[in-house]
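Given chain A, work out where chain B should sit, using these hints.
Chains A and B, in that order, are what the protein sequence lines are. When you line the first sequence up against full-length UniProt numbering, it's residues 1 to 324, in that order. When you line the second sequence up against full-length UniProt numbering, it's residues 1 to 324, in that order.
Hints are not guaranteed to be accurate.
In this list, chains with the same sequence are indistinguishable; a pair is considered to hold if it fits within one copy or across any two.
[As the list claims (entries may be wrong)] Calculated lysine-lysine pairs in the BS3-like style (CA-CA distance at most 27 Å, straight line):
(1) K314 to K130
(2) K41 to K314
(3) K73 to K130
(4) K41 to K130
(5) K151 to K41
(6) K314 to K110
Derived by calculation from the structure, the hints in this document are not laboratory data. Since we're looking at a predicted model, the values are computed, not measured.
Number of protein chains: 2
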Amino acid sequence: MNELLEASGSTAVAHPAYYRGMAEQLTIVEVSPRDGLQNEKTLLTTGAKVDLIEQLIGAGARRIEAVSFVHPKMVPAMADAEAVMEAIPRRDDVSYIGLVLNPRGWTRAKAAGVDEINVVACASETFSEKNQNSTIEGIISDSEEVLAAAKAEGVPATLTITVAFGCPFEGEVDPDVVIDLARRGAAAGATEIAIGDTIGVGVPTQVTHLIDGIRREVGDGVGLRAHFHNTRNTGFANAAAALGVGVRVLDSSAGGIGGCPFAPRATGNIATEDLLYLAHRMGYETGMDIDALFPVASFLAGQLEHDTPALVSKAGNFPGSLGK
Amino acid sequence: MNELLEASGSTAVAHPAYYRGMAEQLTIVEVSPRDGLQNEKTLLTTGAKVDLIEQLIGAGARRIEAVSFVHPKMVPAMADAEAVMEAIPRRDDVSYIGLVLNPRGWTRAKAAGVDEINVVACASETFSEKNQNSTIEGIISDSEEVLAAAKAEGVPATLTITVAFGCPFEGEVDPDVVIDLARRGAAAGATEIAIGDTIGVGVPTQVTHLIDGIRREVGDGVGLRAHFHNTRNTGFANAAAALGVGVRVLDSSAGGIGGCPFAPRATGNIATEDLLYLAHRMGYETGMDIDALFPVASFLAGQLEHDTPALVSKAGNFPGSLGK
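One chain only, chain A, in its complex shape (with noise of 0.2 Å):
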């Protein structure tokens, strides 16, 4: 931007970062392997799979959602974790989460040498039955099984704790419970645990009543990540109220696939490309490219003969589309 002003010759304005003061760091999780394929109807074929990641890293991706390691009839879409994780490229500065959710999957997990683990638990009973045929009680005690197993391995694993926002089944959900839960997760063994809005229900006031509550229970050695969905386009006010209060570390999807089974018609995970928007507009760096994320999501849209939701790249980027 400031060489097109330049070039046009009007004042430069500094961008709107500066309102920040220094910039901060954001790592994205990027989820659209695990989370974005595994509620889409199109299946990919694993060689699909290994040139999204791939694409991903290329766009400057380095902690990435992989696989699931969940039994094969309960989500055909990643039954091929073990071939996806053997193919694509292993490198130092990239970071491959395998998704566990008992420990049957978390040997699974091990011995295809994923770099960690996320392990689930649930806020709602009624979801914890329909969606895992469990209670909220039998998910966080297998979770809390493999997270000791993962510590003694030195594998960091996070907790996720899924609809933290409320359920599709029973509506409000006690966000006590959901402190109750990343309790349990820290000690056990969790590095990091995040909320997650599996149904894109929630609002800024939850995301930091949440946090807030997490952060007094579990103390500053414990990470914070969380996990929106925009479904009823609260999923960015969603992020940038996480941001708000200290959260450094988002899940996103390129494109913003992954819409609920719930709601077939909306929209799903947050899109990366506009949280990449968002957030380096508001001043931080995340070390990932919008612009290459863009042919990315092109990809994805082909793979899935769907457009995608994601914003920015219809409207363009801001300013660098200037002159475009």
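Relative to the frame of chain A, chain B by itself:
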């Protein structure tokens, strides 16, 4: 929701609104009849506009930007401003706003009997030239004249500062230019200052910076209002940021119609139904009914012959839609 929980025997969990304490009022300025329709390819008949406005009132809208008194050659979609004003129901509890760009427009607005006016300033020289064939100084001078006249007549008048967050031609806009235009507007008699993200490039740090700066300059006696587009998925984050710094008047359009001509595939104004979802769940009261807005957006989609970008209507309200 509470009824549903009681019916199902679950323990009721408080609405996230409680996180904020006492409910506060938020006023929505419904702009679909003016800013919404102005950028659409399809022209609505006068009858359809009147129908739209009546439906909006039915859904609880009480401040409505109904018409624009610009030259019909400039904006053909608004050529029937007088006819619309004559046909819509006049009620003590509904305030109709007319957009006024110059003294000639003010004469028309007064004759048509609008309840309040909206005048503009523009924060970019190039946008002033391309959009109104004028200069920053030329536009604010005209508006100062209109503001003084409106004050003399006791007609409430808002100064909206356009491209306050970025210009499609110049890139970044100097926030001090925006703040100085606000100062001049307030001095000339504006009862309210609005900042407009005309092309949908703003981010929350800009909202906070501009609102803080304007409030310091104009004091508490002048109302503050904001106008966001969701072109790059930052519109609702900006709305939440505006609420966070005390703005209690926000523009939005039913369905989110009103895409900018510079970004034809992108979404337009932030959608009223999605803003209501965000605001109500954050504990604000608006007097508007989200479910009653869904058919209004459907009506608009039918009239304009395209889908609207609003999301809550697609995904379903929450937790209100449970069991429906």
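Please write out, lowest number first, the hints stated earlier that are contradicted by the structure.
5 and 6
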